[in-house]
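Student: The primary structure of each chain is shown beneath.
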Amino acid sequence: MIDLELLSRYGPRMLDGLVVTLTIVGLAIIIGAVLSAPLTAMRLSANPIVNGIAYGYTTFFRGTPLLVQTFLIYYGAGQFRGAFESVGLWWFFRDAFNCIVFTFSLNTAAYQAEILRGAIRSVARGQWEAASALGVSRAVTTWKVILPQAFIVALRPYGNEIILMIKGSAIASVVTIFDVMGVTRLAYARSFNFEVYIWAAVLYLAIVETLRRVWDVLERRLTRHLRPANA
Amino acid sequence: MKIVSRLAAAAAIVIAAAGTAGAKDWTEVRIGTEGAYAPFNYFDSNNQLQGFDVDIAKALCDEMKVKCTFVAQDWDGIIPALLANKYDAIIASMSITEERKKTVDFTNKYYNTPAQFITAKEGGITDTSPAALAGKTLGAQSATTHATYLEDMYKESDVKLYPSQDEANLDLANGRLDAILADSVVLYDWLNKTEDGKCCHNVGEPIRNVKYFGEGAGIALRKEDQDLKEKFNTAIAAIIANGTYKKINDKYFPFDVY
Amino acid sequence: MDYFISLLSFGPDGWGDQLAAGTWMTIRLAVATVPFGLVLGFFIALAKVSERRWLNFLGETYTTVFRGLPELLTLFIIYYGGQILLQRVVSLVAPDAQVEVNSFVAGLCALSLVFAAYASEAFAGAIRAVGKGQFEAGDALGMRRTTTWFVVVLPQLIRLALPAIGNLWLVLLKDTSLVSLIALNDLLRMTNIAVGATKQPFFFYFVTLLIYLVLSIISSIGLSKLETRFGRGYGAAR
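Residue numbers (our numbering), protein chains in the order written: chain A, 1 to 231; chain B, 232 to 489; chain C, 490 to 727.
In isolation and in its complexed conformation, chain A is listed as follows (with noise of 0.2 angstroms):
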């Protein structure tokens, strides 16, 4: 049924390919986590040059495809190499995979200053009155009691982030990088065997179902002191 032959020579490539992807993805998360934080504050901020600015980052980057951005970061940097040798950056843009994950890691920091800035704004109003009326301070509350509950509204849209940037990052295969996608359209190439689709298609099942599972589990303790006692 399976083509043993065809899997011993591209299936090791193929596992390979499994490592780029994480990683990929796994950097541009956190990465993009990181960068998200600021962002979010100024999404929240009251002045407006400030959350325009910040919403036209998001705006921008929510709105168009994945695809084109990796093109522009990818091709643009390209074209920009004396500017970029005369900063002393250009190794930075010169490989492949530091473009990828520049270029998802300023995606997904915009879905996530969204998603950050939707929990935290459905924190109820009255925990930040609560919070005030009891002299605590600004920041301390943000830490101690809006991020606690906001991080558990946003826990759901993280996941489905996540398991988006998985599928997002089958597009690295077009700018040359071995990920998942990659390795099967080499191996496609090479030999006219359909079957190489299905098993990355298994693979990136695989993925997918693995973390949804780990974040249902992940989610369920974390709310455990939400449901009733003996639920």
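Honestly, I wouldn't trust all of these hints.
Interface residues of chain C toward chain B, partial, derived using beta-carbon atoms under 8 angstroms [as the list claims (entries may be wrong)]: (1) Y569; (2) I573; (3) T687; (4) K688.
In silico lysine to aspartate or glutamate, DMTMM-like type, Cα no more than 25 angstroms apart, as pairs [what the hints assert, rightly or not]: (5) C:K688 to B:D305; (6) C:K688 to B:D420; (7) B:K332 to A:E195; (8) C:K688 to A:D3; (9) B:K454 to A:D3; (10) B:K333 to A:E5; (11) C:K688 to B:D427; (12) B:K332 to A:D3; (13) B:K386 to A:E5; (14) B:K333 to A:E195; (15) B:K429 to A:D95; (16) C:K688 to B:E353; (17) B:K442 to A:D95; (18) B:K386 to A:D16; (19) B:K333 to A:E85; (20) C:K688 to B:D458; (21) B:K352 to A:E85; (22) B:K454 to A:D95; (23) B:K367 to A:D3; (24) B:K332 to A:E5; (25) B:K386 to A:D95.
Here are the in silico distance ranges between beta carbons for each label pair [unchecked claim]: (26) A:F151 to C:R617: 23 to 31 angstroms; (27) C:I707 to A:P148: 52 to 60 angstroms; (28) A:A83 to C:V578: 39 to 47 angstroms; (29) A:N160 to C:F695: 23 to 31 angstroms; (30) A:L15 to B:F486: 45 to 53 angstroms.
Derived by calculation from the structure, the hints in this document are not laboratory data. Positions of the beta carbon are idealized from the N, C-alpha and C atoms, including for glycine.
Starting from the structure of chain A, add chains B and C where the hints point.
Tutor: Just chains B and C now, kept in the frame of chain A:
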């Protein structure tokens, strides 16, 4: 029930119509090509297909007295699309290799040009042996014989593959690649006729390796279309004999590409 | 500066007309996908809320598969695999027939399948939110099930599902860019061609991003007007 009987009637008509087709009488041939491989096949600014391959194809069709239509297809999927009956022949500078012969059949060659490495003029690369290029970043178009050659012979180098030759050239021009391996004539066109190409030059001798690059470029056909293959072979011999081939050759190249 | 403006002109030297043609293709593809995606999504949703376990299972499996696969992979599978499958099926019946799955159809299929998977979740949630009560009330009034569906449930369904479906439309607009990778002349593919010819990647990709952004913004405005229209008669959401 009405729906079922209508569907059955429709199916019967389709079968009847197709059944009367009988053996293939090739009055119309659909030709698949890439359109991103100047000067062999490319789209000009009016979105018309031009190039050596296209002209040869038209000449062959005239010779065979068939009507030809062209279908553009990205290189990655060009053989699968042939097998899936999207067109009947591939005339797109496809090298005749043993590996490809496992899935498709080829006519006799219609040209043969060697592979060539190119590199940036200021890059300082002069030796193209695998040892000298170890650790360097080499580029080629994916699904080509050049890509396979790099992957097998240059295991110590970092090989990057691109969906089209243009994108590989772009990355050589901006320094992401140290060298590219591709068809010498296609590279000649880029090096001498484009602004970007001025950055780079040939390095190393032209490479003629029959195992990887085959006996030249041929027309790929489905294995069951032996009659079409015969027609093409006869036509190729004919246009070489009557001088049409030379006219097309000279239109594009100052040298002989056969 | 003038050079850049001339690059976008509509004449034979400028790429404005190519980009416009590409944009039109993008819009056509997205608009064509919606009806298929909505109808399929609706039926999958019905399967999910049905009382028959096997239907639930089918619906859930469909959703899991098409929400879990990268859209790019789904597209390639339909494009390459669909052609092979169709060819095998047709050759059983009529060996010499030539059939082809062109890029537009492949793109349409793939995008519809994915759209339907997400839409089915939105519809299933909306159906559950409408609640059995509406169906029971319809029964009590002697209405046929289909009538209840069309006259009572569907209008409520639209209002409840619209925000989610609206988001799906915005995602669809962006996903259409993937068909550039199967040789369909959408906006991104025309941009790639322009970049190849002019060697100005940053400029053209930036312009393309702006075009997609404009499409998104226009869509968002349209969607919020739709939400207002369908939310008529309901108090502010709590």
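Student: Determine for every hint whether it applies to the structure shown.
Tutor: Each hint, compared with the structure:
| no. | hint | in the structure |
| --- | --- | --- |
| 1 | Y569 | holds (5 angstroms) |
| 2 | I573 | holds (5 angstroms) |
| 3 | T687 | violated (10 angstroms) |
| 4 | K688 | holds (6 angstroms) |
| 5 | C:K688 to B:D305 | holds (20 angstroms) |
| 6 | C:K688 to B:D420 | holds (16 angstroms) |
| 7 | B:K332 to A:E195 | holds (20 angstroms) |
| 8 | C:K688 to A:D3 | violated (43 angstroms) |
| 9 | B:K454 to A:D3 | holds (22 angstroms) |
| 10 | B:K333 to A:E5 | holds (15 angstroms) |
| 11 | C:K688 to B:D427 | holds (8 angstroms) |
| 12 | B:K332 to A:D3 | holds (20 angstroms) |
| 13 | B:K386 to A:E5 | holds (21 angstroms) |
| 14 | B:K333 to A:E195 | holds (17 angstroms) |
| 15 | B:K429 to A:D95 | holds (23 angstroms) |
| 16 | C:K688 to B:E353 | holds (21 angstroms) |
| 17 | B:K442 to A:D95 | violated (32 angstroms) |
| 18 | B:K386 to A:D16 | holds (16 angstroms) |
| 19 | B:K333 to A:E85 | violated (47 angstroms) |
| 20 | C:K688 to B:D458 | violated (44 angstroms) |
| 21 | B:K352 to A:E85 | holds (18 angstroms) |
| 22 | B:K454 to A:D95 | violated (42 angstroms) |
| 23 | B:K367 to A:D3 | violated (34 angstroms) |
| 24 | B:K332 to A:E5 | holds (19 angstroms) |
| 25 | B:K386 to A:D95 | holds (19 angstroms) |
| 26 | A:F151 to C:R617: 23 to 31 angstroms | holds (27 angstroms) |
| 27 | C:I707 to A:P148: 52 to 60 angstroms | violated (39 angstroms) |
| 28 | A:A83 to C:V578: 39 to 47 angstroms | violated (55 angstroms) |
| 29 | A:N160 to C:F695: 23 to 31 angstroms | holds (29 angstroms) |
| 30 | A:L15 to B:F486: 45 to 53 angstroms | holds (47 angstroms) |
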